[in-house]
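Student: Next come the chains, spelled out residue by residue.
Protein chains: 2
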Amino acid sequence: MFTIHPTARLRPSPFYDAVVAEGMTAASIYNRMIMPTSFGDPEAEYWRIINGVSQWDVGCERQVQIKGPDAGRLAQILSPRDLSKCKVGQGKYVPLCNHQGTIINDPILLKLADDLYWFSIADSDIWVWARAIAAERGLDVEVSEPDVSPMAIQGPKGEDVVASVFGDWVREVRYFWFRETEIEGIPVAVQRSGWSKQGGFEIYLRDGSKGTKLWNIFKEAGKPFGIGPGAPATAERTESGLVSVGGDTDAETSPFDVRLEKYVDLDVADDVVGIAALREIKRNGPRRHQLGMILEGDVPAPLGFAWEEIRAGGRKIGDMTNCVWSRRMNANIGYALVSVEAAPGDSVEVMRDTGGTAAKLVELPFL
Amino acid sequence: MFTIHPTARLRPSPFYDAVVAEGMTAASIYNRMIMPTSFGDPEAEYWRIINGVSQWDVGCERQVQIKGPDAGRLAQILSPRDLSKCKVGQGKYVPLCNHQGTIINDPILLKLADDLYWFSIADSDIWVWARAIAAERGLDVEVSEPDVSPMAIQGPKGEDVVASVFGDWVREVRYFWFRETEIEGIPVAVQRSGWSKQGGFEIYLRDGSKGTKLWNIFKEAGKPFGIGPGAPATAERTESGLVSVGGDTDAETSPFDVRLEKYVDLDVADDVVGIAALREIKRNGPRRHQLGMILEGDVPAPLGFAWEEIRAGGRKIGDMTNCVWSRRMNANIGYALVSVEAAPGDSVEVMRDTGGTAAKLVELPFL
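Chains A and B supply the protein sequences, listed in that same order. For the first sequence, the working numbering begins at 1 and goes up steadily by one. For the second sequence, the working numbering begins at 1 and goes up steadily by one.
Warning: the hint list may mix true and false statements.
Identical chains blur together in the list; that is why a pair holds if it fits in one copy or across any two.
[To be verified] List of simulated lysine-lysine pairs, DSSO-like, C-alpha gap at most 30 Å:
1. 282 x 316
2. 210 x 85
3. 92 x 111
4. 219 x 85
5. 92 x 262
6. 316 x 210
7. 262 x 210
8. 316 x 92
9. 360 x 197
10. 282 x 67
11. 85 x 262
12. 197 x 213
13. 316 x 213
Just so you know, the hints here were simulated from the structure itself, not pulled from any lab data.
Isolated chain A (complex conformation):
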């Protein structure tokens, strides 16, 4: 392995000092920010998400803020999902697509006011894209990156921790809904959200100078619940069937290919970016689909930096886009982005560094 070279082209999050103090040992780069991925004890970190509560620096989930008289119009133009019933205080998962119907990001859209929206984005430069479309269409709207950085409290005991900080009202917050509030003078938005299926909240810090203070408030409040540092967990998200845009997708992947069809509304207005292409893809039927895969072998063998070829009958049928050891399933599991002719139950072969490895296709999620 190698270390990461400091440069101002990559940015720390407001929680950087806190996670360094927690003993961060590994990280990834996401939206040109440092996203911690481990604190040196992967096993403890995994079970904390599954059984307890885990605290994550996900400040790299940046916000693309859309503000102004045409904010609602631009939000809808960028979203192939009907936002007409989205209320202030509500969030919605949106697979953003380019004009060709390729998924380029999958943010949570937060409606803060009729003229103010945030896309809380995955890893790609949605600012340049959103600004270009707003300008080309002559919309009266400002697209910016506000001083907003999420921290996640994830796991079955997450709600208790967040309630102990803000009060029991958080227990009534519905999935992806949020409330703007403050804690010890720190402005935040509190949303039921997070990149796991174990429950929890994201606390959107709205003052980047207060990262360590906010981190420590939750570290302290979480002690009775056994909180500890963690990170978006490849194993948990894979077991749970969550998609990583940019990891599980390529330059030709539509939402239909990766089980996101339910978040696409083909009857939105014709001026929505990519909607014509998505209708066409739907009409013709997608070429590929995403399935789970259980690999033979009892030694953890995670995917590296590149997809691995999947074959059936000696012929390439697609790629393994993700592979990780599941401690609950005692197996290497992964995602297959394969021809629609391949189906759950099929036996396939993955062309790994160590040689061909037998695997079985299954439905997602695993758990």
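Got chain A; can you put chain B on it based on the hints?
Tutor: Relative to the frame of chain A, chain B by itself:
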């Protein structure tokens, strides 16, 4: 420090196996690819660029390919620089700007044919931006990411190495011009280029399966010249006054702020993205400019992941965007993005972790 966590969201370059074999110890992430930054001996790596020849995996400089009947039109629409005299086989440095006149990337544009261009980009998602503008304007053009990955041969002996591989014709190639050719059956483009001021070439590999083979051809050919592995060097590029877009720039930086005015032609057509904003910025005069800075102290103290505040008379006047130890100047040197009221010769103070550090503003480049 921390290690980087493997994930298919980040990609290896075709030279990845080769640089691992060379003993890569540190890397950065650039266009979601792994860019080696050190092989464990920074001093040797530095002097190799200054006095000898260095081999770099810069496969992360991806190509945004523009192809089709409207390719030339789109290339000009995206470029606030007059391309009307650009010939096939010629390259041009282009500061790409958004509609607000903010610099979002600074690629080399390569004209391969009247209907085929590459932007060899720095670190941001120009594909999504270029595709959006092409689609919004209804242009007949395809924007894609071809299988093209540059490797750089940099340093005063670089030309000799490249000539020993391809022949003496490379000595006649003018700056940023290129020729398409092949070596041992590997298709490449050979361009006089590279992110240093020490001279050299970039070899654009056009078959990603041949990375190790191409690497080893140059490793072997370079032996008589003392070639060794290296990387774009923060020290050399700082001494030489090269700009790192995304490192030295922020969401409000125009080309005028960072000494790139000579690459902007304000009289290009009105339909060029950002040109109206750039004319306005020029008319009003930029607020900031980029100067060099020599810091007091004789202990190397590089910048980390964040800009550092610069003060004059106790008041913030801007930011230090870059700082590195110069072995040739025996000093920490950096870039100041400061108010236009600050001038070379001014004494300033940099607010470092270790306390206020005295510094003097100077003209760029340093050397």
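Student: Does each hint fit the structure? Answer for all of them.
Tutor: A quick look at each hint next to the structure:
Taking the shortest Cα distances, residue 282 and residue 316 sit within 30 Å of each other inside one copy (24 Å), while across copies they are farther apart (55 Å). In the homo-oligomer, the alpha carbons of residue 210 and residue 85 never lie at most 30 Å apart, since the shortest distance is 34 Å inside one protomer and 52 Å across protomers. With identical chains, the CA atoms of residue 92 and residue 111 are at most 30 Å apart within one copy only, with a shortest distance of 9 Å there and 43 Å across copies. Neither within a single protomer nor between protomers do residue 219 and residue 85 lie at most 30 Å apart by alpha-carbon distance, with minima of 37 Å and 61 Å respectively.
In this assembly of identical chains, residue 92 and residue 262 lie within 30 Å of each other by CA distance solely inside one copy; the values are 12 Å within and 45 Å between copies. In this homomeric assembly, residue 316 and residue 210 come within 30 Å of each other (Cα to Cα) only across copies, at 20 Å, whereas the closest approach inside a single copy is 51 Å. Taking the closest pair of Cα atoms, residue 262 and residue 210 never come within 30 Å of each other, the shortest separation being 38 Å inside a single copy and 41 Å across copies. Taking the shortest alpha-carbon separations for residue 316 and residue 92, neither the intra-copy value of 36 Å nor the inter-copy value of 40 Å comes in at or below 30 Å.
In this homomeric assembly, residue 360 and residue 197 come within 30 Å of each other (Cα to Cα) only inside a single copy, at 24 Å, whereas the closest approach across copies is 54 Å. Proximity of residue 282 to residue 67 under the C-alpha cut-off of 30 Å is restricted to the inter-copy arrangement: shortest distance 27 Å between copies versus 32 Å within a copy. In this assembly of identical chains, residue 85 and residue 262 lie within 30 Å of each other by CA distance solely inside one copy; the values are 16 Å within and 50 Å between copies. For the identical chains of this complex, residue 197 and residue 213 are intra-copy neighbours only, at 27 Å inside a copy versus 45 Å across copies, given an alpha-carbon limit of 30 Å.
Proximity of residue 316 and residue 213 under a CA criterion of 30 Å is satisfied inter-copy only: 25 Å between copies versus 52 Å inside one chain copy.
Hints 2, 4, 7 and 8, counting from the list given before, are not met by this structure.
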